[in-house]
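So the protein sequences, as listed, match chains A and B. Position 118 (the first sequence) corresponds to 118 in the UniProt record's numbering; numbering is contiguous. Position 107 (the second sequence) corresponds to 107 in the UniProt record's numbering; numbering is contiguous.
Some hints could be false.
Identical copies carry no separate label here, and so any pair may be met within one copy or between two of them.
Each computed BS3-like pair below joins lysine-lysine, with the alpha-carbon atoms no more than 25 Å apart [stated by the list, open to error]: (1) K80 <-> K15; (2) K197 <-> K23; (3) K76 <-> K42; (4) K162 <-> K42; (5) K58 <-> K162; (6) K127 <-> K162; (7) K15 <-> K162.
Hints are computed from structural coordinates only; laboratory data are not their basis. The model shown is predicted, which means the values in this text are computed figures rather than measured ones.
2 protein chains.
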Amino acid sequence: MKLSPLVQELIDSLKCLPGVGPKSAQRMAFHLLERNRIGGQKLATTLATAMEDVGYCKGCRTFTELDYCEICQSPKRQLKRMLCVVESPADILAIEQTGEFTGRYFVLMGHLSPIDGIGPDELGLDKLAVLLASDEFDEMILATNPTVEGEATAHFIADIAKKYNVSSTRIAHGVPVGGELEFVDGNTLSHAFSGRKSF
Amino acid sequence: MKLSPLVQELIDSLKCLPGVGPKSAQRMAFHLLERNRIGGQKLATTLATAMEDVGYCKGCRTFTELDYCEICQSPKRQLKRMLCVVESPADILAIEQTGEFTGRYFVLMGHLSPIDGIGPDELGLDKLAVLLASDEFDEMILATNPTVEGEATAHFIADIAKKYNVSSTRIAHGVPVGGELEFVDGNTLSHAFSGRKSF
Ligand SMILES: [Zn+2]
Ligand SMILES: [Zn+2]
């Protein structure tokens, strides 16, 4: 080892970040040491606080250090009587950027995956049932990922919604806008045809 | 803003890392919050300690929390009576990996750049002069980058060495091993021709 123990430890710790291998970790460590110690110190403090204090919204389960997130707290959002179920907090950001949906969310933090021990409890479906029973929603949009697991999870949750007389919808599958038909996979193309709409 | 203040702050702080834009920062933050809080806490602690404690080797100026780095402390390295001058600590690692050089190093932490206010003092050339005057070295290899600034810096330092009767050499420029001639730039190719050796 040609690096001092502390510098090597810093490089190793940086490898906990997704997409960061030994080479990038080294580059990051040297960059901070050489050019941005203030930034590195700020990151250390924020990281420590965030890992300790960020929990889950009592309403939708997204990440927040508050009891309820901004969206769950908004009276405007309540009025919409619509609930969008997603797999992760990143999905909320993607949907919010479209401006297409102005109701509330529920974050599963994953999808059903019996092999990994992820069942209804892990996805907070008991909490979702309470929301559905509250008579605050007319429609639940299932926006889980268009994967086998996401589809299975969507179907499972739609069944729960039936009990509470909340209608379930699934986001449309089809050809991505701007994509070339030639490069779209067969399964997506099938969905695009079966889901066709009249002009 | 749809994220809680602390989560947003975490994402912003992660952007101080080189090569990390808003999207990667978000992915990193969510990854740590969701799957690796222990890793995040470890990183926070190490980062805080490293930013505070890592300084510069009193011998070669590389990063270390010790007074002298491992290489400077090694008696074997002293015996070689060779000094290799590099621009950054990362260069030491690259050279050490080749196993080609077993002497000592001197790290400039940059190159001469008058516009940026980087002159001989900033590169520790007074310290380098003390080393050259110590009669510990027979040869100094200038391994600064093969850029205009790296070349200028190498020449400047070679002039200093003359005063102390230490011979200076420059690492060879030429066609990278394994590269295709077709894709080598003209300047490199010129160097490869003028620096040709007989079989
Ligand atoms: Zn919420
Ligand atoms: Zn040293």
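These are the hints, each one checked on the structure:
1. K80 <-> K15: Classified as neither: same-chain Cα gap 43 Å, cross-chain 35 Å, threshold 25 Å.
2. K197 <-> K23: Intra 50 Å, inter 34 Å, cutoff 25 Å: neither.
3. K76 <-> K42: neither (36 Å within a copy, 40 Å between copies)
4. K162 <-> K42: Result: close neither inside a copy nor across copies, 49 Å intra and 45 Å inter.
5. K58 <-> K162: For K58 and K162, the Cα distance is within 25 Å only inside one copy (23 Å; across copies 72 Å).
6. K127 <-> K162: within (16 Å within a copy, 78 Å between copies)
7. K15 <-> K162: neither (45 Å within a copy, 44 Å between copies)
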